[in-house]
Every structure is written in structure tokens, then in C-alpha cells.
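If you're matching them up, the sequences are chains A and B in order.
For the first sequence, the residue numbers in my numbering are 4 to 319.
For the second sequence, the residue numbers in my numbering are 22 to 274.
Keep in mind that the hints were calculated from the coordinates and are not lab data.
Be aware that a few hints might be false.
Claimed, not checked - Estimated spans, in silico, between C-beta atoms of each pair:
| id | chain 1 | residue 1 | chain 2 | residue 2 | range |
| --- | --- | --- | --- | --- | --- |
| 1 | A | L178 | B | R264 | 56 to 62 Å |
| 2 | A | K183 | B | E247 | 49 to 55 Å |
| 3 | A | G106 | B | Q207 | 40 to 46 Å |
Treat the numbers as computed from the prediction; the structure is a model and nothing was measured.
Note that beta-carbon positions come from the ideal geometry of N, C-alpha and C, so glycine has one too.
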Amino acid sequence: MSEFLNFLMLGLTRGSMYALIALGYTLVYGVLQLINFAHSEVFMAGAFGSFLVVHLVVGEGEGLGGFEQLLVTLLGLVAGAISGAVVAFVLERVAYRPLRRRGAPKLAFLISAIGASFFLSQLFGKLFNRLGNNQFPDYLHKGEVLWTPFGARIKLLQVVIIISAVLLMIFLDRLVSGTKLGRGIRATAEDAPTAALMGVDIDRTISRTFIIGGALAGAAGFLFGYAFVFSNTMGFIPGIKAFAAAVLGGIGNIRGAMIGGLLLGVAENLIPTAPWVGGDAWIGQEWTDVVAFVLLILILVFRPTGILGERLGRAA
Amino acid sequence: MSEQAGGSSVPGRTGSVLLDVQDLEVRYGAIAAIKGISFHVEQGEIVALLGANGAGKTTTQKTVSGMLRPAAGSITFDGQRIDGIPPHKLIDLGICHVPEGRHVFPRMTVEENLAMGAFRFRSPDQDVLAHVLDLFPRLKERYGQQSGTLSGGEQQMLAIGRALMGKPRLLLLDEPSMGLAPLIVQQIFDIVRSINADGVSILLVEQNARQALSLADRGYVLETGELVLAGSGRELLADDRIRAAYLGEELAS
Ligand SMILES: Nc1ncnc2c1ncn2[C@@H]1O[C@H](COP(=O)(O)OP(=O)(O)O)[C@@H](O)[C@H]1O
Ligand SMILES: [Mg+2]
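With the rest of the complex left out, here is chain A (with noise of 0.2 Å):
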């Protein structure tokens, strides 16, 4: 029972940052029917911003109190979100927009995306010296254990982590939900012509689309930077299982991304490690990723639509 919480809470923790990754993915897709493979990167921006920023104005910030412990978190978000918001305005304004104006095929939209990808990831690396593992001081106390419900060990960083992404995860379903900006991004997603028409400017609406889908992808970097290592390369495989969760819960459907991302974490991190109640675990914990792609590929055999099915933009 206790190890079952253990790769639970690993699961959750992992898995809302897939979520707000995939989240990203998912409203893009919805607006351009386009898979932004640069939005990987756009999460790795999110994680080096936000360090940049936070050791800017804390620096070490050894012995920190429980309230300075909540400011930490939220300046790492609000300057992650920043930084990743930053990013993906910019690769819309280079790498995209000046493709949809000439009317490109599809395909030179991934190529594009492609060629953006690795050359964030080299800036990247070139400005921060190709370090593997960069890491963030030890704000929150990452050993600290919160709880031990059944013997589990529910840290805090991971009850910091779950809850700043459900935050984000809500406040997102309002903005598209209930305002008129969400408004927008619904109609251009369903019938862009027609939502021209009402007077949605679809450029407009599209760049902001990037810019929502960067900020969350970047707080989400800050995060998982903060709870392992980052480096330039960071952003490939939480890059890749975001898109993964995109697709399980069905590209163009928010809720279905978010769905998908705690889905997919929770999955990865049981399966393997199955049955945790007697101890000995079933394939081990190093088939985490062959887990998590074995879905990805089941999915898009037996259903395409993902779980709930294409909702934000067309059906497919």
C-alpha cells in the first residue's frame, strides 16, 4: 500500500506537468491543426527563465520559511510562465506565421518546427554552457517529507507541484470556457473563416493562443526543473509524453489533454512498478518510458481520437 502511494503521488506529480505540457500541444493543434513540435522547448525556456529570474532576486535562500517558500514558487511560475510565453510568441512570429501567409503545405510547418526546435535547444545550451544537470538551490527542501499516510512519503514538493498545476489547469479551463478571448479561440478552432466573420482577427487570436499554451509549458518547466535537473536537452522526452497525452485524451480537447496528462503519468509510473503491495516490483521502474510509449502507440491504433475524443477543433 505505502509503495502503491509512493508511485501514485510520482505519478500525479509527473503527470500534471504532462498535463500542462500537453495542454499547449492541444490548444495549438485546436487553432492550426498543427502539432507544435518547437513547444518542447518552449518548456525548456520555461525552466532556464525561470532559474535565471529566481536566483536573480533569492539567490541560495538557505532556511527558508513556509511564506518565503510560497513567494519562491510562485515568482518560479509567474517567470517561467514568462519566459516560456516569450518563447512561443517569437517561434509563431519566425517560424510559423511567415509560413501560413505563402500558404505552406503541412509539411513545411514540421520542418519548420523541427529546425526551431533544435535551434532553441543549441542556443540554449551555448548560453549556459551544455551543463547536464543544472539544478535549482533546495528552495522547498526536496527530502522533506509532508505526510505518511499507510507509511507512503508524500513530499512537499509534490503536493507544491500538484497544486500549482490543477491552479493552472482551472484557471485555464475558465479563460477558455468563460471569457471572450476563450470565446475566440473556440471559433477559430471550429471554423476559422466564419469566426473572421464575426470579427475574431485570426492572427491575433493565434499568437495568444501561443502565448497561453507558452506560458503554461514554461511554468511547467520551472517546476519539473525545480524538482530534478535541466539542461538544454530537457524538454525531448517530457516533450514527447506531453504529446503522447495530447493524443490519449484527444488533441484539440483541453480537458482531454489534462486528462491525459495525469493519466499517462500515473500509468507509466504503476504499471511498471506493479503489484507494489508485495514489494518485489513486476518489470521495475526503468520501463517507465517503454510504458508510457507502448500507450501512445495502443492509442493511436485502437482509438486515434484519444479518450475523449478531437473537441476543440474539428473532428478528425
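Following the hints, position chain B with the ligands against chain A.
For chain B with the ligands alone, kept in the frame of chain A given last:
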């Protein structure tokens, strides 16, 4: 189904030209779809644009609402050149387009679709909303329902209601009767008449020529991108060539 007073009593009609299209040419790549047509809509008029499938009616309307850019010619609205202005800016002048095939947002509710129609305003005008729901009581019944689940007639009502939320001065209607049962078609045409009676000028594209012409002040007939006939609704209704077209024969031109 009540007969209303003749066109001359319609308020807002001043005889001044609201929409003026001159020598318009529109192409799809190498294909010329509109080959130099000129027509106009006066303030307060209903003008019908008739023609067989593929004649270029939709292309003409899309060009007026900014969805397509003309290759040549000019479009003037209320004295201002508007050709080349993108649609999301044109709507601010009061040009509202109900596109062919309705194009409601299927995954939005009726309420949200109507709100989309008022997107150009900070928030929807509640008086206009009340008026639209009066015109289309069915929409009130379906208010919270996803629009994709509505019947064809209801979707057409929603598409028109949505356009009205944008407070049009010129309403572009593209085949509002397409695919609808005769009773619903009659309702739609009655409502078009009452919208016009509120002072909205209308450019009506129809294949249903008899009904469109009995409603319209004037009409034009398009054939493969060119205007072949023009006249008052009454004249065109009496025209042999129109009658021939009714019977499915070739237009003699
Ligand atoms: N997107 C398009 N690409 C190429 N040709 C088109 C396109 N849309 C319409 N056309 C052509 O332009 C002509 C006029 O079409 P349209 O304006 O839709 O006619 P109508 O509305 O009178 O039926 C037709 O020959 C049609 O095939
Ligand atoms: Mg047509």
C-alpha cells in the same frame, strides 16, 4: 405569412447607394469566377442575386464581406472603398454575412453562437438579443443546447440571429432556404422581410428565384461570372428567361 405593405413604405430607405460594386473580378488561382460585374444595393433595399449553381453568387458575397480579395474592380460601402479590407475589420462597418451552409459553431451552445455574433462589441447588446429571441422563439427553447444538435432550419435561424447580433447595416444572406422544408422556408423569408422592415439592407443570394423575387425590390441574374439580367423584382418575375430557368431550361442570353 401575412402580406406586408409594399417596399416603398419601408423605413430607412433614402435612395442613397449603400453598397456599390464596380467591374468586379474575382479569381481562384487561374480560374476567373467573377468576370467584371457591377451592381449596387440602395439603403433599405432587398436585392436578390440569382443564378444557377456555380454562377458565382457565393464568390460575389464572399468578396463583399472580405473573405476573398478581388482581382480587379472596386467595392464601395457607404462611400468608403472596402475592397481588400479583411473580414474581421469589415464587420465593424456593419456588414454581416450569413454564409452558405450556415456555419454555426457546432460545439458551442446557441447562447455562445449568438454571443459570437456580437464579438465586435465589448459585450452582446441585451436589447438586440431579446429582439433576436423574439424573432426566433425556437432559439430561446434551445438556448443552452449545442448548436451541432439543431435541425437544419434551426441552424439557419441561429446563423441569421447570430448575424443580427452584430447590428448589420447590410446583411448578406447566402441561400438561406437551402435544404429546408417549405414551411420553414416561408418562415425564413417572412423574417427576412421583417429584418428589412427594421431598416437593414439585404443582399440575398437564392436559387429559389420565385420567392426571392417576390421579396426583393430588385434583382440581378448571374451566369458563369457575368450579369445577364437586372430589373425590379416584378419585372424579373415576369421575364421569359427567368420563367424558362424556373422550368429548368437553359437561360437564353
Ligand atoms: N475555392 C474554390 N476554388 C476554386 N474554384 C472555386 C472555389 N469556389 C468556387 N469555385 C468556382 O467558382 C465558380 C463560382 O462558384 P460559387 O461562387 O460557389 O457559385 P454559386 O454560389 O453561384 O453556386 C464555380 O465555377 C466554382 O467551381
Ligand atoms: Mg453558392
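Against the structure, the hints come out as follows:
1. The given range of 56 to 62 Å is respected by L178/A and R264/B, whose C-beta atoms sit roughly 57 Å from each other.
2. At roughly 43 Å, the beta-carbon separation of K183/A and E247/B lies outside the given 49 to 55 Å, and the hint is violated.
3. Between G106/A and Q207/B the beta carbon distance is about 42 Å. The supplied range of 40 to 46 Å therefore holds.
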